[in-house]
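Participant: Sequence:
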Amino acid sequence: MEEKPLFEIEVSDDKLTAYLIVHRPQRYAWVLSDHTSTLDLTLTAEEDSSIILETLNLQEILAVVENMNIKMNLDVTVIQTEIIQPTYRPVTIARGKAPVQGQDARLDIFFSENIENIFTEVRGFVDFKNHMNIPSVKSGDVIAKKTPPVEGQMGYDVFGNLLLPDPVHDIRIAGKGNVEITPDDIVIARKEGRPRVTGNKIKYFDINTAFIVPGNVDLQTGNIVFAGDVIVYGDVMDNMIIESLGNIYISGSVYNSTLTATGSIAVKGNVIGSNLYSGYFGMLYNRLYNGSKQLMDYLEKMAESVKLLLNEISKKKLQFRYGQALLLVTESKYQQVWEVVKELLGVISSLQTYNKDAMLQLKDYLELFLLPTKIVEVMTAPRMEDFIRVLKEAFMRVALSQESQVQININQAQNSTLKSNGDILIRREGVIQCDLYSAGNIVFFLDNSVCRGSKLEAGDTISAMYVGGFTGVGTSLKAINKVIVKKMFEGRVTVDRYSTDIFEPVEEMTFDQNSIKRLA
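Oh and the sequence shown: position 349 is 348 in numbering that gives the first Met the number 0, straight run, nothing missing.
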């Protein structure tokens, strides 16, 4: 016959508490019950309280506790009380101490990182004089404050093992030339302009200078490449390029042009036949970024080839200059380098005054590389290494300008491509025959805005009004989270990995994984 023990010791799953459970204070002998004579007998047994086999005692309980290695904050008084006056419920006899979790560092930013109503209208006209809608600070303004992390405190379990708190995460911050960071991590602007924060592992604070075009961007102004914000109070005319290591604000329209910004892009007018790249995509499609990276890769391979060539020549005890070997390698295997050099020089010639000086050394190296006689005369291994270093600085200057909270903000677009690693916001008429990619949300605001013949993809949610129509080109909406439409005439909707085709108009629909599974 199996009996419960007089007591049990249990430890909680987190090992922070040990319990004593008394089942009975004594154990008695079992004896067979008396029965009258019968042919069909069922034997039964009962406890005989006159025969005590075992009595609950403190020493036995403490021995079990010791064998289990329970030793932290053991309360013998509680054990003794439970023996004398058992409750037959779990009572706490030992406690550990839970670790106290620390607090991660916190960064409070006191300026808007998003574009909000950049251009205001007064009596139907754009108010060009009022720039206050572009986030702006004055010298001396506090733009951010970091609260340092607070380390946690160790704990221990009932066995005496140390319990470590989760590691806390710090935030590294740094200020560029126009920003001061005090010893107590207060970030202060030291010039007027638009504050911004860039970087991932290290948060860099900067005050952006703006390059202002009072009229149109056209052949007269030339392409614009600027290490800051670009504000255009007219239109961007056909086949122009604006590249900004900041935000781009256009009060007019954009025609058959390319805009790349490591920050956000806002266009007040129409976007026709154009490419708009914001944030991460603004970096990827930046010509200075691509050209310097491509040339840097070429030069590293060329330097290795020159090294091998000079080693072979030295074995034959011949005299050969580094520049001669470099020119030979370039002409035999890397003639495409000269085209990359010419393109980079073209980009640098478009640089506006603000950061031209930073590019002078790169410009000198590029011009030298187009002169074969100069390559032979002046290029050495150390100079080649320095050329690669200067290219890397140009490449990193663009990469570190990528802002985290970005968006593309437009009213309408036709035959255009828009890519952003933040949200894409369509404020008015909508889009026709466009490709839109957003790592965040794509949102149409006006009740009667349209989305026709377009391909939309969002890393979170698409919220559209009137989708599909009479363009003759199918409309595709793809999102990771959900797709919301006011009315959809036809097209394809994809949420995560699930798709459905719409052949008949639907209204006021929210598509998510479950609803698409039901439609399939």
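These aren't lab readings, by the way, just hints derived from the structure by calculation.
Possibly wrong hints are sitting among the right ones.
[To be verified] Within a straight-line C-alpha distance of at most 16 Å, the following computed EDC-like cross-link-like pairs (lysine to aspartate or glutamate) qualify:
hint: 1; residue 1: 292; residue 2: 183
hint: 2; residue 1: 202; residue 2: 184
hint: 3; residue 1: 362; residue 2: 392
hint: 4; residue 1: 332; residue 2: 299
hint: 5; residue 1: 486; residue 2: 459
hint: 6; residue 1: 144; residue 2: 183
hint: 7; residue 1: 292; residue 2: 184
hint: 8; residue 1: 516; residue 2: 495
hint: 9; residue 1: 144; residue 2: 107
hint: 10; residue 1: 362; residue 2: 330
hint: 11; residue 1: 96; residue 2: 74
hint: 12; residue 1: 292; residue 2: 342
hint: 13; residue 1: 481; residue 2: 459
hint: 14; residue 1: 481; residue 2: 507
hint: 15; residue 1: 145; residue 2: 103
hint: 16; residue 1: 477; residue 2: 459
hint: 17; residue 1: 332; residue 2: 296
hint: 18; residue 1: 70; residue 2: 9
hint: 19; residue 1: 200; residue 2: 103
hint: 20; residue 1: 477; residue 2: 511
[To be verified] Label-pair ranges, simulated between beta-carbon atoms:
hint: 21; residue 1: 211; residue 2: 495; range: 38 to 48 Å
hint: 22; residue 1: 496; residue 2: 175; range: 41 to 51 Å
hint: 23; residue 1: 320; residue 2: 496; range: 37 to 47 Å
hint: 24; residue 1: 79; residue 2: 181; range: 52 to 62 Å
hint: 25; residue 1: 446; residue 2: 154; range: 14 to 24 Å
hint: 26; residue 1: 211; residue 2: 312; range: 53 to 63 Å
hint: 27; residue 1: 183; residue 2: 518; range: 51 to 61 Å
Every residue, glycine too, gets a C-beta built ideally from N, C-alpha and C.
Participant: State for each hint whether it applies.
Facilitator: Tested hints:
A C-alpha spacing of about 38 Å is found between residue 292 and residue 183, which places the hinted pair above 16 Å, so the restraint is violated. Between the alpha carbons of residue 202 and residue 184 the distance comes to roughly 12 Å, so the proposed pair stays at or under 16 Å and holds. Annotation: proposed proximity of residue 362 to residue 392 holds, straight-line Cα distance about 13 Å (limit 16 Å). At roughly 13 Å between alpha-carbon atoms, residue 332 and residue 299 fall within 16 Å of each other, so this suggested pair holds.
The hinted pair formed by residue 486 and residue 459 fails the criterion: a straight-line CA distance of about 20 Å is larger than 16 Å. For a cut-off of 16 Å, the pair hint linking residue 144 to residue 183 stands: about 9 Å separates their Cα positions. For the proposed pair residue 292 and residue 184, the alpha carbon gap of about 34 Å is over 16 Å, so the pair is violated. Simply put, residue 516 and residue 495 have alpha-carbon atoms about 12 Å apart, close enough for the 16 Å limit, and the pair holds.
For the given pair, residue 144 sits about 5 Å from residue 107 by alpha-carbon distance, which is consistent with the 16 Å threshold. At most 16 Å may separate the alpha-carbon atoms for a hinted pair to count; residue 362 and residue 330 exceed this at roughly 21 Å. For a cut-off of 16 Å, the pair hint linking residue 96 to residue 74 stands: about 15 Å separates their Cα positions. Taking the CA atoms of residue 292 and residue 342, the gap is about 13 Å. The hint holds against a cut of 16 Å.
A distance of roughly 7 Å separates the Cα atoms of residue 481 and residue 459; the hinted pair therefore holds under the 16 Å criterion. As the CA atoms of residue 481 and residue 507 are separated by approximately 13 Å, the hinted pair is consistent with the 16 Å bound. With a C-alpha separation of about 11 Å, the suggested pairing of residue 145 with residue 103 holds against the 16 Å cut-off. With a C-alpha separation of about 9 Å, the suggested pair residue 477 and residue 459 falls inside the 16 Å cut-off, and the hint holds.
Only pairs whose Cα atoms come within 16 Å are accepted, and residue 332 paired with residue 296 is accepted, the gap being roughly 14 Å. This hinted pair checks out: residue 70 and residue 9 have alpha carbons roughly 14 Å apart, not beyond 16 Å. For the given pair, residue 200 sits about 14 Å from residue 103 by alpha-carbon distance, which is consistent with the 16 Å threshold. Straight-line distance between C-alpha atoms of residue 477 and residue 511 comes to about 11 Å, which keeps the hinted pair within the 16 Å bound.
Checked against the given bound of 38 to 48 Å, the beta carbons of residue 211 and residue 495, roughly 44 Å apart, stay inside it. For the hinted restraint 41 to 51 Å between residue 496 and residue 175, the CB-CB distance of approximately 43 Å keeps it satisfied. Range check, residue 320 to residue 496: Cβ separation about 60 Å, and the 37 to 47 Å hint is violated. Checking the proposed 52 to 62 Å range against residue 79 and residue 181 shows it holds: the Cβ atoms sit about 60 Å from each other.
Take residue 446 and residue 154: their Cβ atoms lie about 57 Å apart, and the range 14 to 24 Å is violated. Checked against the hint of 53 to 63 Å, the C-beta distance between residue 211 and residue 312 comes to roughly 56 Å, which is consistent with it. For residue 183 and residue 518, the hinted distance range of 51 to 61 Å is satisfied, since their beta carbons lie about 57 Å from each other.
In the structure shown, a violation is registered for the earlier hints numbered 1, 5, 7, 10, 23 and 25, in ascending order.
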